[in-house]
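*Asks:* Residue strings, one per chain:
There are 2 protein chains.
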Amino acid sequence: MYEKVLAYLEEKNYSALKEMLSEMNEADIAAVFEDLPQEKLPLVYRILPKELAAEVFVNMESDTQEFLIHAFSDNELREVLDELYVDDAVDIIEEMPATVVKRILQHTDPETRKSINEILQYPEDSAGSLMTIEYVDLKKYMTVDDAFTRIRRTGVDKETIYICYVTDENRKLLGIVTVKDLLLSEKSEKIFEIMDTNIISTTTLEDKEVVAEKFQKYDLLALPVVDRENRLVGIITIDDAMDVLQDENTEDFEKMAAITPTDKPYLKMSVFDIWKKRFPWLLLLMVSATFTSKIIQSSEEALQAYVVLTAYIPMLMGTGGNCGGQSSTTIIRGLSLGEIEFRDTLQVIWKEFRVSFLCGITLAVVNFGRLLWMDRVSVLVAGVVSVSMILTIILAKFIGCSLPILAKKLHLDPAVMANPFITTIVDVMSLLIYFRVASLMLHI
Amino acid sequence: MYEKVLAYLEEKNYSALKEMLSEMNEADIAAVFEDLPQEKLPLVYRILPKELAAEVFVNMESDTQEFLIHAFSDNELREVLDELYVDDAVDIIEEMPATVVKRILQHTDPETRKSINEILQYPEDSAGSLMTIEYVDLKKYMTVDDAFTRIRRTGVDKETIYICYVTDENRKLLGIVTVKDLLLSEKSEKIFEIMDTNIISTTTLEDKEVVAEKFQKYDLLALPVVDRENRLVGIITIDDAMDVLQDENTEDFEKMAAITPTDKPYLKMSVFDIWKKRFPWLLLLMVSATFTSKIIQSSEEALQAYVVLTAYIPMLMGTGGNCGGQSSTTIIRGLSLGEIEFRDTLQVIWKEFRVSFLCGITLAVVNFGRLLWMDRVSVLVAGVVSVSMILTIILAKFIGCSLPILAKKLHLDPAVMANPFITTIVDVMSLLIYFRVASLMLHI
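Just so you know, the sequences run in chain order A and B. For the first sequence, the numbering used here gives the first residue as 1, with consecutive numbering after it. For the second sequence, the numbering used here gives the first residue as 445, with consecutive numbering after it.
Chain A on its own, in the form it takes in the complex (with noise of 0.2 Å):
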């Protein structure tokens, strides 16, 4: 597609170019744009046809819609501002400069402007600031014809058609009806004999994560928002809350990597914004690291004793580390599912402990095979690293299923006790058994 964007680009011909883009997807040409360079996006994005146009900035990265923006005429802004929902343009004025916002804000129409500006004042986490103002509002003494009537009419500028809102003169939430029932029943029938009141919504300030899971759950194509008086001020859409999942998924990812998460694509963010995100936790998990020296230097008569002990700390601590990993992704992940709450904490620890007992038993007898045959050292050293590797599996799964629960319950998010952040307390508890079996059995 890029090669022959450009082909056609070189040729200058633009007609050719044009017939081409007009039959892509919206998707797939904002893909291109972001391959383009730079100064031929005005000229491609001018090719466009104009609701196209509209549809494939929404598409765009924020950097390529920053340029575009400067690179347009006040009424080339204007045209693509009309095409656009409201809470898509919300969405590309939340990563503009102020100076951009400003004129954007400047060429938007007076009542535009004002949803905008109540949309923007939500917190950027929250149902109110992914909802959408653009529905269909239906009133219970109508008709289904004029429903119908009402849909033909005011339908062409709705994000979606298919779920109609049933309001009364407060505008509070009576009940949903959708296209599917309005199709389905009598045209003389009355809304209200057909409205859904068993109604499944949302506030203003939810967690969008919360808005999210609402969309899975119950199967929703859209979700309705209500303010403190169940009055309905808006509606979110089911490709914004896919969007929210992928995102969540995506800080997750990173927390569990020990990562400040970023809604920007790695490939468009600077070396030093990368460094940022991650060298403050890198020197945390560093410096918590100092414990496992001060053990280490505290038993250095044991080790002088017993060189051959330290040749098996890092299989130990390698072994702990992806021991705790195994149970806190687990428990972060059902955690976040909601699949595990509070009140299965118990049940939980007493599972891994079950769990970690058969892997540490496996584990040890495979280990105290090799150590005496591979390694041949006495049985008497085998059988602390075996012992120990028992002990640290079995502590490392604790940790690993526990703190993530216990994180959960201070409302902070367990997915920063993943991997990193546990490996690091395993590796100090793990030295410790070692030191403490091997004195114990070793008499040192």
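For the record, the hints were derived by calculation from the structure and aren't laboratory data. One or more of the hints may lead you astray.
Taking lysine-lysine and the DSS-like style, the derived pairs with C-alpha atoms no more than 30 Å apart in a straight line are [what the hints assert, rightly or not]:
{"no.": "1", "chain 1": "A", "residue 1": "Lys217", "chain 2": "B", "residue 2": "Lys602"}
{"no.": "2", "chain 1": "A", "residue 1": "Lys102", "chain 2": "A", "residue 2": "Lys139"}
{"no.": "3", "chain 1": "A", "residue 1": "Lys190", "chain 2": "A", "residue 2": "Lys139"}
{"no.": "4", "chain 1": "B", "residue 1": "Lys708", "chain 2": "A", "residue 2": "Lys214"}
{"no.": "5", "chain 1": "B", "residue 1": "Lys853", "chain 2": "A", "residue 2": "Lys277"}
Calculated from the model, a selection of chain B residues having no Cβ within reach of chain A, i.e. all distances over 10 Å [as the list claims (entries may be wrong)]:
{"no.": "6", "residue": "Leu450"}
{"no.": "7", "residue": "Asp518"}
{"no.": "8", "residue": "Pro758"}
Pairwise CB distance ranges (calculated) [stated by the list, open to error]:
{"no.": "9", "chain 1": "B", "residue 1": "Glu467", "chain 2": "A", "residue 2": "Thr154", "range": "29 to 39 Å"}
{"no.": "10", "chain 1": "A", "residue 1": "Asp35", "chain 2": "B", "residue 2": "Thr704", "range": "36 to 46 Å"}
{"no.": "11", "chain 1": "B", "residue 1": "Ser883", "chain 2": "A", "residue 2": "Ile361", "range": "48 to 58 Å"}
{"no.": "12", "chain 1": "A", "residue 1": "Arg46", "chain 2": "B", "residue 2": "Asp640", "range": "20 to 30 Å"}
{"no.": "13", "chain 1": "A", "residue 1": "Ser62", "chain 2": "B", "residue 2": "Ile644", "range": "22 to 32 Å"}
{"no.": "14", "chain 1": "B", "residue 1": "Tyr662", "chain 2": "A", "residue 2": "Arg46", "range": "20 to 30 Å"}
{"no.": "15", "chain 1": "B", "residue 1": "Gln565", "chain 2": "A", "residue 2": "Glu189", "range": "41 to 51 Å"}
{"no.": "16", "chain 1": "A", "residue 1": "Ser270", "chain 2": "B", "residue 2": "Thr704", "range": "35 to 45 Å"}
{"no.": "17", "chain 1": "A", "residue 1": "Ser62", "chain 2": "B", "residue 2": "Glu463", "range": "26 to 36 Å"}
{"no.": "18", "chain 1": "A", "residue 1": "Asp137", "chain 2": "B", "residue 2": "Lys448", "range": "27 to 37 Å"}
{"no.": "19", "chain 1": "A", "residue 1": "Asp273", "chain 2": "B", "residue 2": "Lys448", "range": "28 to 38 Å"}
{"no.": "20", "chain 1": "B", "residue 1": "Arg880", "chain 2": "A", "residue 2": "Pro280", "range": "22 to 32 Å"}
{"no.": "21", "chain 1": "B", "residue 1": "Asp479", "chain 2": "A", "residue 2": "Val156", "range": "39 to 49 Å"}
Glycine included, every Cβ here is placed at the ideal spot set by N, Cα and C.
Mind docking chain B on chain A? Use the hints.
*Replies:* Then chain B, alone, in the frame of chain A:
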């Protein structure tokens, strides 16, 4: 909720229970069923209004479904099956033991049975296994009015009616019409005049992860599935795509923590099952760690001359593991979101090199100071540790970023190249670096 249900059951106040349940959402009722004692399940299930009952059934965990199927009379089973969409029936069947499957298939009508059997033949991870065959199909010479008549007549059993598919006499897919298009068009217009022929579709054997990505990229509500001759065989709806997305994310989390993925919820898994998913990886990683003990054993001399060096092995290895884990997580996620491609390899490596250099310098400086002023080691020893740290970090980030890309290129899952695996490799490399630097700087 759950307590209320139990209380009503205790009081045998079944009419109040029925009233309460019939006002709840099916997903919430299904959650109550998961918590109820098994012997109460059939009783409560029979209290549910019939249509709601089938919807609740779909939302249950598979072992609860299986228990209920055993408790059902043939008539009850038939009633539930009649209400299910074909794709939901297939999902249920895929989780059941053979005897239950046989009983289910005996009680479905012949046509549905045929469809179920067809879908069951597709590989588990394919688009075919996700699809439903219940969609609205239109012909190109129909008018908008004809289309509405057809939707009204056939729509009640369809999973979605909002997107209709235009096919020719050979079932070849010609175009797509949304109900929004239909509502906003004149009643006398012909379908071929308003249909969108720029179709995004998938094939029966496509990987379901790719399917889910298409939903997200193109903001779809449903995706048509065609065979090799472009004949429409079914559609996939967004609720299933969203489930796939979450399942794939969970799988990635598990693989990245060295756990064999499973789609069973943690609390429903037996201790033995959990052990089977975890210990093979632990064993593999433990055995790989053998190299570390070999390296330490072969450097015993150096260690006896400078026992202090031992104390910093865990910190060095831990930092290396954390650095590698950061890089591999970032790259794995970027690959799975399609933000990073193979052609970006050199750019990624160059970026990671610069980031690792910055991280290395930062950490080494802090570390050097701490070792000198707090641990009071000699400048030479502090130098050995700090230089080793910089080199370890650079190497760790190189391995962390390149292995996932390499895995992807070799058609392996990059997610396996995560923290535990990277750590094991980095452990070995960091020891080699450490002892090499020590022997060069300390002349041992």
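*Asks:* Using the C-beta atoms of Ser270(A) and Thr704(B), is the stated range 35 to 45 Å upheld?
*Replies:* holds, 38 Å
*Asks:* Does 29 to 39 Å hold as the CB distance between Glu467(B) and Thr154(A), or does it fail?
*Replies:* holds, 31 Å
*Asks:* Quick one, are Lys853(B) and Lys277(A) close enough, alpha carbons at most 30 Å?
*Replies:* holds, 28 Å
*Asks:* Go ahead and decide if the range 26 to 36 Å is satisfied by the Cβ distance of Ser62(A) to Glu463(B).
*Replies:* violated, 51 Å
*Asks:* So does Asp35(A) sit 36 to 46 Å from Thr704(B), Cβ to Cβ?
*Replies:* Roughly 38 Å apart at Cβ, these two residues keep to the hinted range, so it holds.
*Asks:* Is 48 to 58 Å respected by the C-beta to C-beta distance linking Ser883(B) and Ile361(A)?
*Replies:* violated, 40 Å
*Asks:* For Leu450(B), is the shortest CB-to-CB distance to chain A above 10 Å, so the non-interface label stands?
*Replies:* For Leu450(B), whose nearest Cβ neighbour in chain A is about 15 Å away, the distance exceeds 10 Å, so it holds.
*Asks:* So the hint says 41 to 51 Å: do the beta-carbon atoms of Gln565(B) and Glu189(A) match that?
*Replies:* At roughly 43 Å between Cβ atoms, Glu189(A) and Gln565(B) fall inside 41 to 51 Å, so the hint holds.
*Asks:* Just tell me: holds or violated, for the beta carbon distance of Arg46(A) and Asp640(B) against 20 to 30 Å?
*Replies:* holds, 24 Å
*Asks:* Within 22 to 32 Å: is that where the Cβ-Cβ distance between Arg880(B) and Pro280(A) falls?
*Replies:* holds, 29 Å
*Asks:* Should the hint that Asp479(B) and Val156(A) are 39 to 49 Å apart at their CB atoms be regarded as holding?
*Replies:* holds, 47 Å
*Asks:* Given the hinted pair Lys217(A) and Lys602(B), is their Cα-Cα distance within 30 Å?
*Replies:* Holds: Lys217(A) and Lys602(B) sit about 20 Å apart, inside 30 Å.
Checked against the numbered hints above, the structure breaks hints 2, 8, 11, 17, 19 and satisfies the rest.
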